[in-house]
Every structure is written in structure tokens, then in C-alpha cells.
Amino acid sequence: MLEIRNLHASVGDRQILRGVDLVVPTGEVHAIMGPNGSGKSTLSYVLSGRDGYDITEGEILFDGKEIIDMPAEERAAAGIFLAFQYPLEIPGVATMTFLKAALNAQRKARGEAELTTPDFMRRVKVAAEKLNVTQEMLRRPLNVGFSGGEKKRNEILQMALLEPKLAILDETDSGLDIDALRVVSDGVNALRSPNRSMLVITHYQRLLDHIVPDVVHVMSAGRIVRSGGPELALELEANGYAGYVEAAA
Amino acid sequence: MPAVQETIDQVSLIDVDQYKYGFVTDIESDRAPKGLSEDIVRFISAKKNEPEWMLEWRLEAYRRWLTMTEPKWARVHYPKIDFDDLYYYSAPKSTKGPKSLDEVDPELLATYEKLGIPLREREILAGVEGASDRRVAVDAVFDSVSVVTTFKEELKKAGVIFCAISEAIREYPEIVKKYLGSVVPTTDNYYATLNSAVFSDGSFVYIPEGVRCPMELSTYFRINERNTGQFERTLIIAEKGAYVSYLEGCTAPMRDENQLHAAVVELVALDDAEIKYSTVQNWYPGDKDGKGGIYNFVTKRGDCRGDRSKISWTQVETGSAITWKYPSCILRGDDSQGEFYSIAVSNGYQQVDSGTKMIHLGKRTKSRIISKGIAAGRSDNTYRGLVSAHRKASGARNFTNCDSLLIGDKCGAHTVPYIESKNASAVFEHEATTSKIADDQLFYCLQRGLSSEEAVALIVNGFVKDVIQQLPMEFAVEAQKLISISLEGSVG
Ligand SMILES: Nc1ncnc2c1ncn2[C@@H]1O[C@H](COP(=O)(O)OP(=O)(O)OP(=O)(O)O)[C@@H](O)[C@H]1O
Ligand SMILES: [Mg+2]
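First to last, the sequence lines map onto chains B and S.
Count the first sequence with this note's numbering and you get residues 1 to 249, in order.
Count the second sequence with this note's numbering and you get residues 250 to 741, in order.
Possibly wrong hints are sitting among the right ones.
Claimed, not checked - Quick list of in silico lysine-lysine cross-link-like pairs, PhoX-like style, CA-CA up to 25 Å:
{"hint": "1", "chain 1": "S", "residue 1": "540", "chain 2": "S", "residue 2": "283"}
{"hint": "2", "chain 1": "B", "residue 1": "151", "chain 2": "S", "residue 2": "685"}
{"hint": "3", "chain 1": "S", "residue 1": "615", "chain 2": "S", "residue 2": "685"}
{"hint": "4", "chain 1": "S", "residue 1": "659", "chain 2": "S", "residue 2": "685"}
{"hint": "5", "chain 1": "S", "residue 1": "685", "chain 2": "S", "residue 2": "671"}
{"hint": "6", "chain 1": "S", "residue 1": "540", "chain 2": "B", "residue 2": "151"}
What the hints contain is simulated information worked out from the structure, not anything from laboratory work.
Extracted from the complex, chain S is given alone in its bound form (with noise of 0.2 Å):
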């Protein structure tokens, strides 16, 4: 309730045109020339001091990437993208991991106070305990380079490995070698496997068997380059017995020119283990003309590799100009669980071609997808999912639900399911909704004394309530917030 409240204060204080984080911090970077070849991926792999199977790595995804081309099957439509126009490495200048937050650059942390990052999470970047038990570990990925790390002694404590991917290239060569690529392998897809040959950092995170990670860790992307191409590589391992929850959030500043984003995140659960793995994004959309804003290549995929294992998905999605994002679970253990849940909202002339896939490989696997499009404006909203069932996968059970809630007569929802089983028993059950928020619905509001904005947001969280009830507390208001505020101006 108080949620909802404070939505309603958000939306009332922000101003139209303005995108709320719509701003550039002027920290010096130390970059890689333009365009993409052999010598800048060696150039990057020696920026990060990477060892030499680390290189050999990065040179054959980029040979390969250069025998691919780009996919065309998504509802999403943009002039064609010159990579050779872009920049594939940009860092702070100061890139020695500071010691404290004092030695943490002072723009930087007034960054994170502009971007709005919850008080709680200010606080820790403070050092001072939170008034909730429940704590927040943030690495910020600040212009492709991890920053600062916080709470690292804590987690060190409980065994979990939390750092920069580069770091664990360096420190944890054998785990990394062994799962990097094991999810989304190089050869995967055209920006995959980009990614794969020129990443600039990400988030590692490993947690030993039987280990509860002591807090939830979170990680602040921001695109703060010209013409930077952001490539950020994200690997989680959870051993047997293991649990982790992880949250991605993000803004970025108002550009012109579009802005690339191909990020792989690549999630392996072992027996028993389980990840949840939660995403609210919002990143510059374009502007009230539909000019600007990222174009957001996501692969996303989790591995249920061990048996009863569980592997959750939630994102909220209201930002970026283009959204190309699948996260996934393979479920190929026995009993493993895959779940997707979740938010995506467009506006003005935002595409969103987004959904999931779960592969029932293993026995009595289960999944369940929850997907709720909200189109405003003349944006289009995609959701495109794939259920499937292996010729072994026997019990394997589905349940999808997608939503879709149309604001205006301008803008599009389009649901597009593919369905494959090979197994006899297998069973998956499809939902499907279209509405429309109705004259009458938001008249009822109105003659109740709400404004046509503080309406807009009450029957949209109403219409997401369910997911944004497995965002972990803390961002749940945010998220809500971000829903709001991308919905403003779509009605009156």
C-alpha cells in the first residue's frame, strides 16, 4: 500500500519531457580507438592483464563473429548498427580498486545519488548499518570497470565469491574456465558471441556448496561513454545446496546517438542449488520523438544443471529504445524448476521484443512464465516464448500466462508462443490476455479524486502485481516507480 503511495507521489512530481536521469558525468576515460578487430580484443584482453587462454578465447569468438550475421526474426525494427563506429573499451581513469569509499572518486558517488539508488544501498555505500537486517551488497560496474566493491570481507566470511569477472579470470582461473561459456557457449548467437570477444568486465559470483548467500547482492550498470558499446559478461555458479539472489539495475544518461548494449549472463545451478535472479532496467529510451536511446542485445540464460535445482527470473523492462531479451533456464537436471517472471513496459516509440525459453530436458521438470507487456504510446510489445520437452523430459509440466495491457489505440501487444514437445507426457497449459485500460476504469478513478497519471499507475500496478511480488522487497517500490514514471504522458 504504501508502495502504490508512493508511486502516486513519484509520478506527480516529475516533469514531462524530462528524463529523469537524463545527465553526463564527465569522468575522464581511458579507451580503446574506434572499430572492432583483432588488435582491439587484444588490446582489451591486455587492458585487463588477462591470461593467455583468456585471449586465445576472446580471438576465436571474434573470428567466429565475423562469419555471422545479425538475427532479423524479432518485431524489432532500426537502422542498420556500424560496428565499426563504435567504441569497444572505455574505463575510469583511475583503475586500481580503491580500499574505501573515500578513495572512491566524489563524482561517482554523487552518480549514484542521481541515478536515485535506494537510501538503504546509499547507506552501506555510507558504512552505515540499514535500519533492516537485510543487507545489500553493491558492486558497481561503473563504464565497463567494477569500482567498488562493498561487503567483500562479509561474503569472504561465508566463502561467497563476489567480484569483478576480470578479477576472477585472474584470481579464480579454474572455475572460471571450467563454467564460462558452459551456458551461453561463444558460438551462440551474433551478439553473444560479440560479447564474448570483447567484454569488458561484469560480475562473478560463486557460491560454495551448501552456502546461503548472507545478503542479496546487487549490481548498478550504467552506460555513461559516447558511443560506447557495453559489453558486460555476468557468470553465477551456485554449488550444490547453494542460494543466491542477485539484482541488475540500471540507468543511463540522455544521448543522441544510439547506444549498443549486448550483455551474456550466464547462471549454473548444481543439485539442490537455487538462483533468483532479478533485473530492473531503465535505460534511456529515446526521446518524446522516439530519437536516441540504447539498443539493448541481451542473452540471459540459466543452466539447471544438478537435480532439483531452481533457477527464477524477474525483470522489470522500461527502459531502452530496442529490448532484445530471452532469459532463459535449461532444465536439465531431475525435478529442476525454471521460472520467469515478468514487467515489460514501452512507451513513445520503444520496441520490446522480449520472453523466454525453458527447455525440458530432465525428468518431472517444471516451469512456470508470468508475463505482463504494458504498451503505451506508439510502442510495440512483443513476447515471444519457447516451451519445450526432450524426448526425455517425462512429467515435464508448464505454465505460461502472458498478459498484455494496451494504454491509447496507437501502440501494439503481440504474444508469440512456440510450443515443442516431444514427450508424450509432457504437459504445458497457455493463458493469454489482451485488455485495454478502459474510459470507464480510469472515469471511476478520476470521479475519486485521482489524476489521470495517479490512475494510470494504480490500475498498471494492479495489472503487475504479481510480479512485482517476487521482486526482493527493496526494489519492489522501485520498480514500481520505474513503471510509473515510464508510463507518464501516456493518457489526458
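Pulled out of the complex, with its shape left as it was, chain B reads as follows (with noise of 0.2 Å):
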């Protein structure tokens, strides 16, 4: 599904991602973990698509193909979904108007038929009710005024919609509650399926405790610097970071 090799990456004359090497099979869910200010966020975005990066090395190949030339709105509609970590506020724009546009548009480049109206309130309904996000919310302008665990949920309430290949979860716990924490588990846990892949980059072994992954990578200044099982991310929360952050350096 995914495989990076060797990406670097930067900003301006900083350089963030310094040869990344990651391959995320189809079907597999793994984790990325990593001190503050490693790369996680970056590497999210340069693998869907924002501008502002230079590339200076490397490749991403997503479905056997080259993906660095193709604008975010058609990786979106070949199936790459980012939840963010700050979701962004639209003012005016009611949840449901941008979740039918969104929806539509990756439909419309895809070459399916648009969904009506009742079709899509019918999709939504059933996704929303999952992830506690209620109708009220729904009407309201997307994530303005929202909490930081209602914009959360309204990000894998999109995920579950848009139904990606590949879904890059950046901190998508950090600000939930024990319960909200449970809800956006079992909502991603639910979209976990032999055709999907995800990323889930997080600082904390209580949300793989509810996600398991199949791999944990753990990235230290723009690398990928160890992977291994499960047990991996309880032995950084045992130890933190300390041996990888020196590795790297």
C-alpha cells in the first residue's frame, strides 16, 4: 500500500525528514511514535500532499505508484485520508454542507455518481450516531466553537464517510476523555479492514492499548529509527526516548 524510501524532506534551508524509510502493507495498522518535534506532523503532511516541502530526495510510492507530483485533492480521492492533529475551523460552513462536498468531490474525481441528498444524510446518520457526534453538531459550522475531543471525532467521523485506503491518524488522542477515547477506538477499530491501511501516530501506549498495531515505528530527528512489535511501544513508555534521541543525533 505504502511504501517511502530514503524521503527527505524540507523547509526552506531546515530539514525535517531526513531518509524515511517506511513500508505499511495493505491491511496493516502501524503506529508511529516519537519525541516532540521529530517529524511525525511532517511526515503526514508531505505524504498527503501539502505544499510548502521540498523533497529533496527519495520516493513514496502509494499503490506501486509515484505520488510526489500529485496534487492533495487527488491523493484525497485515491484514498488518502490525514485526521489532523489541529483540525481547522471553517466559519459559516456547516458540518454536513462540507462533509457532502468533500464526499462528493472524491466521488466526483473518481468518476462515480454523486450521492443525493437523502442518500447521504441516510450514510452520515448511521457513521455519526457511532461516534456520539450528534445531529446538533452537525448543523453547526465545522469545528468552530467544538472542543478538542468533538473535533476529534468529527475527524474520524470524516474518515469513516470518505472510506480511505490508507488513514494517517496524527494525536488523534491527545485531548480526548477515557470514554471519548473509547468512542474514537472502537470508530477506528471498526474501519480497520484487509484493504485498509493506517498510520497512527500517537505519544501514548493507552491508545494502542485499544488500537493495536501490527508495527511500531519509532522516529527521532526526521528517521525512522526502530520498528518492532507491539511490545515496543511499552518499552518507550517504560524508558522514553532517551537512547534514540542520542542514536540519532
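Join the two chains into one complex using the hints; note that each chain is given alone, in its own frame.
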């Protein structure tokens, strides 16, 4: 599904990614952990096609195809979804309106028929109920005045509707209370499928108790410095990143 | 929600460099020679079979105009206009009013089609009842002369007069004499005075006491003759307890030379009357280098003459090279209310200086101003507003909210509020914000699959929602489309 080789990316003259190698096979869930500032969010932006990064070396293959030159909206339509660490607000645009615009834009890009309003409403209703997203929230402007936890649930709702092939979750657990963490994790687990890969960025083992990854990677100073099974997360929780930061430097 | 989707569809359909309505209809015109003189004023008056008093009124305005100079205080810049190099009158060849659509020039009907006049109106023009119960009467002003007037009968039954102002001058001279120039005096300002001298035609609406006008009234203006100044004159009177909602919308063909438009609109609301006046303005803004485009210098003013009367202006301004426009309310009656809802979009090299004046004269008068300015490209967008309370206006209240949205970093947004209060009990509130469409907001939309055009349309539609909601339903969608079209190519 996703193969990243020797990826180097910089902003201006500041190099952030310094040779990332990462392979996420179809159907697997991989976690990325790593200290603040190690480049995790940057990697998620580069994967989803945000402007402003110079990719100086390396390749990103998605479904076997190089995507570095593909615009962000095409990557989205091709099935790459990013749940943002800090979801954005759009005043005046009802969440429902945004969801419909996004879903239909992707469908159109893939040459599929747009959903009719009743069809769309039905899908939203089903997905929203599972994530405790109320109708009232759906009518409110996108993320405006939403609590931190509501924003994160809203991200997962979008993921559920858009049914991506590759979902990148950037610290989706931060800002969630214990109950919300369960709701969101259940939502994510429900979307696990043999056809879908996930890249879960987190600082905490507790998320990985709920969403059990196939592989855990440690990122430090713009590189993946170690990979292992779920037990690696426990080890990190106990010992911190000290050893890795030195190793990378 | 469907409106937004339609906007998005629309945006994805359009061709970048092509102004959608850039075409010229070749209906032969019968027009006055270039330039302005007493003779031209007489020519126009004679063309209209006007009574002597009207000619005198025009001549007085003309003489006054000769003593005046162009105002310079607005934040707009343009080469000097040579007023002797313009035509002041032009009319389609057949000036006799047709009895039915069959008699209408097919060219004109085709023009409506190209203009994208909403299906509902086209159906009405074709005599088909719309799906909705709401009806729209169209008084089509085609290059200065009213050509088609529909639904006259139904309006007549309600006692409503809706006709060309030239007709009203002949048929209802007493009403016209009483109100014409009573809100915008012939001496008011350079452009209004010019308009008083040479106005070609426009609409006249009279709603008798206690009558709620049974349909939305709308007029399409279109500038169609090379180098023709357009001088529309509109007068709307709502008698005691009457109600009317009026919409004007316009587009113009592509031109090289700048075209001058100096309209005057006067509204009079008597006791307990309400007038809602909505404008969707989409004149040619000039090409991508800023060449050509309409100069739009308009004087619009409403007089809440009666107690508890209400006048509400809603405008969506997307076109013109230069917009100089301040729809205002004189809140004369006690407890009267004025509202101004505005969306002004500027892109390319457009210059907009627009706003409102709320003049509180009566007791407990209220006004509300919601202005949304959107600047993109290299445009300049200024909100200029005056709120004043007279000595006697105790308990006057105003709420003003001016928001500006910038797209890109070569455009400018400016807010120039003037506040004058001579009454200590008046309460005026003013809020203003300026924001930019942030890169991360755009990226968020792109990541969800929207193109940058769609993303801008969506964000902008959210920004202007409060004002769009004020428009009559059938025009809200149109307005959203116009906004998206005018922001074409502003990012990416
Ligand atoms: N646009 C930018 N310009 C300059 N520096 C940047 C930019 N974006 C990221 N950086 C820097 O790159 C480094 C990596 O940032 P990034 O946000 O990817 O870290 P992260 O691993 O997601 O951290 P956290 O765990 O705190 O979310 C940081 O030092 C950050 O300051
Ligand atoms: Mg991060």
C-alpha cells in the first residue's frame, strides 16, 4: 500500500525529514511514536501533499505509484486521508455541508456518481451515531466552537464517510477523555479492514491498548530509527526516548 | 447545502479568462448624438413624450450639474471621464411596448437566456407557471427602455403600480411629482444631479395603503450599447402599512472602453410600511489586466418617512471596475428601522468603495449594518459607513459589523467608519474583523478532496452566509454562484 524510501524533505533551508524508510502493507496498522519535533506531523503532511515542502530525495509509492507530484486533492480522491493533529475551523460552513462537498468531490474525481441528499444523510446518520456525533453538531459550522474531543471525533467521522485506503491519524488521541478515547478507538477499529492501511501517530501507549498495531516505529530527528511489534510501545513507555535521540544525533 | 454544491459545480465549469457574459447583442439603437448639452436633455425628454414640468426639472438639474465637480473622497482611482464623449440616450429599435412575449424581439429573449436568468423567471417570461407558488415579476430594462412587463394584470388587481418610470411620469404625474427627488434631491451630488438631468428610464413602484405586494418584483439591467452612459432612475413608494420586496440584478457585455453608470434609486416608506431592496450586481469588471469594465457611481437612498417603517438594503456586488455606492437610510419616523447587508467582492484590479449611511432622526430608531468585503487579486475593497444620530433621536441604536476577508497578499481591505452622535442616549456598536484565507484552512479542504477553487468557494460562502440569508431564496443561489465566479483564479 505505502512504501516510503529514503525520503528527505525540508522547509526553506531547514531539513526536517532526513531519510525516512517505511513500508505499510495493505491491511496493516502501523504506529509511529517519537519525541516532539521529530517530524511525525511533517511526514503526514508530506504524504498527503501539503504545499511548502521541498522533497529533495526519495520516493513515496502509494499502491505502487509515485505520488510526489500528485496534488493533494487527487491524493485524497485516491484514498489518502489525514486526521489532523489540529483540525481546522471553517466559519459559516455547516459540518454537514462540508462532509457532503468533500464526499461528492472525491466521488466525482473517481468518476462515481454523486450521492443524492437522502443517501448522503443516511450514511452520515449511521456513522455519526457510532461516534456520538449529534445532529446538532452536524448543523454547526465545521469545528467552530467544538471542544478538542469533538474535533477529533469529527475527524474520525470524516474518515468513516470517506472510506480511505490509507488513513493517517495524527495524535487523534490527544485531548480525548477516557470515554471519548474508547469511542474513537472503537470507531477506528471498526474501520480496520484487509483493504485499508493505517498509520497511527501517537505519544501514548494507552491508544495502542485500544488500537493494537501490527508494527510500531520510532521516529527521531527525521528518521525511523527502530521498528518492532506492539511490545516496543511498552518499552518506550517505560524508558522514554533518551536512547533514540542520542542514536539519531 | 445544495446551493453550495451548485456553486462548486458552477465554479468547476467555468473558463478562467472568459467573462461569462462577455457578448454583444446587436439590436440597432436609436440614440442621441454624443455629448451633453441642454439640447440633449430636451431630446431625451422629447423622446419620452414628457410633460413640460419634467423637462424643466431636468434642465434645472443640468444647469446645476454644470456648476459641480466630481467628488474625490472615495478610495478609487480612474482616468478622467470625458463627459462630452458619451452618449446619453439609446433605445432598442422598437420602443412600442409589446402586448405579449410573441411580440418581443427574439434577440432579447436570447439575451436573457445567455444571461442565465433563473429558470423560474424564464418560465414566467414564457408564460409557464413555476414549481413554486412564489412568483417573480420581471420588468426588463433593456438598454434604457422597458421592453417587457409581465404580471401587470395581477399586480393591478392588488392596486400595485409597477411600470417604467417614463410611463409613470405620463400616467401618474401627481405621485411622481410628489416623490421624485424627495429623497435624493436634484442637487444631492455630482452623479445624482447628472442622473436627474439625463435619466433614461427605470422602474416605478407604488404600493397602496395596507397592500402586501403579491410577488417579488425584479428588474434586470443590462448595458448594451457601446459608450452609453446608463442613467437609471428608480422610485419606490410604500404607502402606510404596505410591503414590497424588490430585486435588481445586472450583467454587462465585455467592453474595451469604460462604461459609466450613474443610477439613482429613491425609496419612500410611510407609516408601518416595509421595503426590502436587494441587488445582485455583476457588471463587467475589466479584463485580467484591469482594462475596461464598468464605472458604477450610484446613489441609493431610502427614506423611512413614516413611524415604524422599515427599509432594508441587501447587496451583492461582484462586478464593475469601480464601485462607488452607499445605499442609505434616513430614519425619520419614530421607531423606524434601517438595515444594510452587503457582500462586496473584488478581484483583479477592481476598486470598491461602498458602504452605507444610517441617519437617525426619529426617536428609538434602529439600524443594523452587516458588511462582508472580500478582496482578492490586486483589488482594493473599502467599507465606508456613516452612522449619525440627530439631537432628537433619543434611544437610537445601531449595530455595525464589518468583516473583511483577504485572499492573497496583493489586495487591500479598508474600513472607514464615521460616527456622529448628537444625542447622549444613542447607542452605537461597531465590530470589525479582517481575516485571510489561511493556507492550513485551504489545505484542510484539499486534503478532503476539494479543489482549491471549490475550497475558496466554500470558505467564502461560509464567510458571507449571514448576508446571503437576507436575499430572497430564489436569488441566494445565483448570488453564491456570482461570488464564486468572481473569485475564479484567485488562488493556486
Ligand atoms: N513550516 C515549517 N517551518 C519551519 N520549521 C518547521 C516547519 N514545520 C515543521 N517544522 C519543524 O520541524 C520539526 C518537526 O515538526 P513536526 O511538527 O513534524 O514534529 P512532530 O514530530 O509532529 O512533533 P509533535 O510530537 O510535537 O507533534 C520541528 O522542529 C518543527 O519546528
Ligand atoms: Mg505532530
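Item to check | 25 Å limit on alpha-carbon distance, applied to hinted pair residue 659 of chain S and residue 685 of chain S | outcome: OK: residue 659 of chain S and residue 685 of chain S at ~12 Å, within 25 Å.
Checklist entry - Straight-line Cα separation of residue 151 of chain B and residue 685 of chain S no greater than 25 Å? => result 22 Å, holds
Checklist entry - Are the Cα atoms of residue 540 of chain S and residue 151 of chain B separated by 25 Å or less? => result 46 Å, violated
Checklist entry - Is it true that the CA of residue 615 of chain S sits at most 25 Å from the CA of residue 685 of chain S? => result 31 Å, violated
Next on the checklist: Can you confirm whether the C-alpha distance between residue 685 of chain S and residue 671 of chain S stays at or below 25 Å?
Outcome noted: Violated, at about 37 Å.
Checklist entry - Given the proposed pairing of residue 540 of chain S with residue 283 of chain S, does the C-alpha separation stay at or below 25 Å? => result 23 Å, holds
Checked against the numbered hints above, the structure breaks hints 3, 5, 6 and satisfies the rest.
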